[in-house]
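Asker: Below are the chains, spelled out letter by letter.
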Amino acid sequence: MSTTTEYVQPKASAQEVGAAEGGASAWVRPATLGIVGLTVFYMLYRIYQGWAGWEYGLDSTAPEFQTYWMNLMYAQLIIVPALAIIWWGYLWFTRDTNLSALAPAEELRRYFVLLGLICVYTFAVYWGASYFAEQDGSWHQTVMRDTSFTPSHIGIFYLSFPVYISCGVAALIYSITRLPRFSRNISIPFVIAVAGPFMILPNVGFNEFGHAFWIMEEWFTAPLHWGFVVLGWTALGVFGLACQLCYGILDVMRRMNVWEGQELV
Amino acid sequence: MSMSSTTAGGAAAEDPVIAAAGLTPAGAKVSRNFDWVIVLIALFLVTGAFHLHYMLLAGDWDFWVDWKDRQFWPTVAPAAAICFPAAVQYFLWTFFRVPFGATLCIVALMLGEWINRVLGFHLWARFPYALIWPSLLIPSALFLDAVLLLTRNWLLTAIFGAWGFGLLFYPSNWVMLAAYHLPVEHMGQTTSVADMVGYTFPRSATPEYLRFIERGTLRTFGGHSSAVSAFFSAFLCMVIYIGWWFMGWAFSKMIWVANPLASYMGLKNSQQS
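Protein sequence lines, in the order shown, are assigned to chains L and C. Following the working numbering, the numbering of the first sequence begins with 4 at its first residue and continues without gaps. Following the working numbering, the numbering of the second sequence begins with 78 at its first residue and continues without gaps.
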């Protein structure tokens, strides 16, 4: 019988150590694929905008506008949701139904895959909320708008927003279907971090209503735009999510004997 | 706890920090991977969400040099800019004792702004850089972080750090802005260089009345108008910092609710409970 109150861990086996080290780098692949893929895609899109914006994007009544911009938007509205549904469906239908028997090494690997997906989600948020949003200012403060579907709006509202929504929901589904902690209970900070930025897309309806009926000119700090601001704050839900992931990973490390920490509260 | 007797993985950690944390080499590898991916997530998240917040609350002053006035720019820009730094300082300082939350936010903001000033404002909308440079906030952020690090107290940081954050804004930018406030004569009228640049590169979707932003008795207020604005901004920053520190607290809550989808997931054994 032990005479000490110290928490003493048994030594980790070589197999457990190897599994921990391998699982920890599982975020690199999804993150690299997502970051490189999105960067290349959006740079090509930016080149298209640069060419077709000034050439065919100034007059929405021109036939060329229909050809080069409206058709592009219709394609986006079909392709992005279709890919999202395929992605989400794949994650749901390939879910793990035996999570109570999940090995700690595999659980650790899944935690890091989830972190890689969250990384891709935040990168997609960067493109929508930072790059395309301010680019929208540069275009609309310069060029008179005569439609809600401008070369800038077609990029931000109907491409970059659906893309980050797809990534965020995919990460949420991954967590619910593959990690025991996240399948037993729903992480409210995670839901906030995904649902809040998602609501920015429906808020576009209010934005377009306002621009159509109240404020034709472009004043970026107008109260009409503040709905985007408040919904953007919800991305801070990642704070609570990061804490939950921290605790989850520490718990797995303890079960794998590769951490000497005390029992988690 | 005895390190030598309990270290797993075959060898004691040699790094004193890792040893103090009780991490084995394998645990340290997991921890470092977590650090790297969190750094990337934080960078992308803050750049996206903070940039959206800042551009829609202080963007017009930040976009255009002829909007960088003495009344609203030094008042609005720091007040809008201190929100995310306060929340991120709460999260990073409370949970990780990382003392550069404000600097991280501001550097991420500057990065996001400059990427678009080059690719959007300059290369797409064809404006010169002289018209579109963003406000500089890095000295303010360094001061805010330094006060938190030295005092280790959020209330003192709100009182002194946030106050300095607002006050430092105008002097930090003055070196870049001063030349644009010089008077020039154009078609028999006196105007500033900043306004002259604005007249030369018109924003046709931005009505003229929105650019004349100095109101009231400001133009007859001696040389003190920008100082008055800076002190008012410092006061605003103190109040906003406190509010956003608690925003960071609220968003850091680890809240769980039972998964309502669990019964549809076909989970085996006791997983559903």
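Please keep in mind that the hints were generated in silico from the structure rather than gathered at the bench. Do not take every clue at face value.
Said to hold, decoys possible - Computed, partial: chain L to chain C, Cβ under 10 Å: (1) 23; (2) 59; (3) 261.
As the list claims (entries may be wrong) - Under 10 Å between C-beta atoms, here's a sample of chain C residues computed to sit facing chain L: (4) 193; (5) 229; (6) 304.
Unchecked claim - So the derived label-pair ranges between C-beta atoms look like this: (7) L:77 x C:281: 25 to 31 Å; (8) C:109 x L:39: 19 to 25 Å; (9) C:316 x L:46: 39 to 45 Å.
The beta carbon of each residue, even a glycine, is placed where N, CA and C say it ideally should be.
Asker: It remains to establish, for every hint, whether it holds in the given structure.
Answerer: How the hints compare with the structure:
Contact between residue 23 of chain L and chain C, as hinted, is supported at the beta carbon level, the nearest pair being about 4 Å apart and thus within 10 Å. Checking residue 59 of chain L against chain C: minimum C-beta separation of about 14 Å lies over 10 Å; hint violated. With its C-beta approaching chain C no nearer than about 4 Å, residue 261 of chain L sits inside the 10 Å limit, and its interface hint holds. A hinted interface residue such as residue 193 of chain C counts as satisfied when its beta carbon comes closer than 10 Å to some beta carbon of chain L; here the least separation is about 4 Å, so the hint holds.
A cut of 10 Å between beta carbons decides the hint on residue 229 of chain C: the least distance to chain L is about 20 Å, and the hint is violated. For residue 304 of chain C, the interface hint is violated, since its Cβ never comes within 10 Å of a Cβ in chain L; the closest pair sits about 24 Å apart. For residue 77 of chain L paired with residue 281 of chain C, a C-beta distance near 29 Å keeps the hint of 25 to 31 Å intact. For residue 109 of chain C paired with residue 39 of chain L, a C-beta distance near 22 Å keeps the hint of 19 to 25 Å intact.
Remark: the range hint 39 to 45 Å for residue 316 of chain C to residue 46 of chain L is upheld by a beta-carbon distance near 42 Å.
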